[in-house]
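Work out the full structure: start from the sequences and follow the hints.
2 protein chains.
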Amino acid sequence: MILQRNDIEQLDQRYRTAFVNSLAGFRQAVLVGTKSIEGHSNLAIFNSLIHLGANPALLGLINRPDSVQRDTLQNIKDTNEYTLNYVSSKHYQKAHQTSARYEKGISEFEKVGLSEEYHHSFTAPFIAEAIVKIAMKLEEIIPIPINGTILIIGSIQQVSIDDVLVKEDGFVDLSSASVLVSQGLDAYFSTSMVGRMAYAKPD
Amino acid sequence: MILQRNDIEQLDQRYRTAFVNSLAGFRQAVLVGTKSIEGHSNLAIFNSLIHLGANPALLGLINRPDSVQRDTLQNIKDTNEYTLNYVSSKHYQKAHQTSARYEKGISEFEKVGLSEEYHHSFTAPFIAEAIVKIAMKLEEIIPIPINGTILIIGSIQQVSIDDVLVKEDGFVDLSSASVLVSQGLDAYFSTSMVGRMAYAKPD
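Order-wise, the sequence lines are chains A and B. Using our numbering, the letters of the first sequence map in sequence onto residues 1 to 203. Using our numbering, the letters of the second sequence map in sequence onto residues 1 to 203.
One or more of the hints may lead you astray.
Repeated chains share a single entry, so a pair holds when one copy, or any two copies, can fit it.
Unchecked claim - Derived DSSO-like pairs (lysine-lysine); straight-line CA-CA distance at most 30 Å:
hint, residue 1, residue 2
1, 167, 90
2, 201, 77
3, 90, 137
Just so you know, these hints were derived from the structure itself, not from any lab. The model shown is predicted, which means the values in this text are computed figures rather than measured ones.
Shown next, in the form of structure tokens:
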């Protein structure tokens, strides 16, 4: 099928949301852990993790201010701290359940059945079961005027990961640990490597 | 292992680049097709596709001005048009080879062995072999001052995809077509679905 811009605009709203979100392809499923200034733990799934640079090591997240991610954004603004956690594909149901609109003050950790873990000098909670745990410091919030979304930019403060997953050249072998991948609003995947390539040169 | 910010900064540069890029996780491999004002076709792999919104349907790309993506950025600025193409995992070597620094004026389509395809009223080239072909119009370029990268925002003008991949609710089943996923600078994957979930509600 070929859909023109017009056709997409005229789709039923739920159909269009599912279509465009899933059309944007596969992405890393990341659970963002934060603490409110009142001390409540919060955990929310995002599927918009962006690599911005390696030196300094910067990652971005896209946030929709009107979504369940609202509490996460507020906590990041209030505390300047957050954690990024990747879980195994076997935890996909728990990961998805963090997208429910729990009331502020309710901990998604408790509700979905994942354990909080704390690291020295960092107040935001990690997921104990996570395969990758990254401590982040807020660096910048960039508004995207065209549709009111926000780009949250943070710097990596700490990375916790099993030694066996980090290869000799620095490559992090997430696939062998069956790290969870998402697509669209509700689909979850594991991966199989088809290959690694050498640095590409003109032939 | 636990790496602190300091440890990451002191890593060997190539190791750090591989580590932080791959740490950012899995993402959609997307081949961006453009045409220069001189009429030369260009094709370059990006691994930074971002879903920004469904209505209007907006997608973002992160661009490093000092990279091989430089020609793509210039062509997008000059013509306001580009295409996004997802290929099968069996084409991973061709997809990767588009990251080589070919001279301006050399067509990566020819060099890597993928075919150009043109759609009515759109001058940027698509990949004939692609599973998903999206025509984009440039909407906005947002500079990210912290490290000199750029967020390219475009609106979806047209989507071409086999009917059987679009499910009843609008979900695009990329996994069943073995659409290529990337991680870091050089690793490629296919996916297996672990599940789709209903809209999550508080219990």
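Hint by hint, here is what the structure shows:
Within a single copy, residue 167 and residue 90 get their C-alpha atoms as close as 24 Å, and across copies as close as 24 Å, so both meet the 30 Å cut-off. When the C-alpha separation of residue 201 and residue 77 is checked against a cutoff of 30 Å, the pair qualifies only between copies, where the shortest distance is 26 Å, while the shortest distance within a copy is 43 Å. For the identical chains of this complex, residue 90 and residue 137 are intra-copy neighbours only, at 29 Å inside a copy versus 39 Å across copies, given an alpha-carbon limit of 30 Å.
Hint compliance for this structure: no hint is broken.
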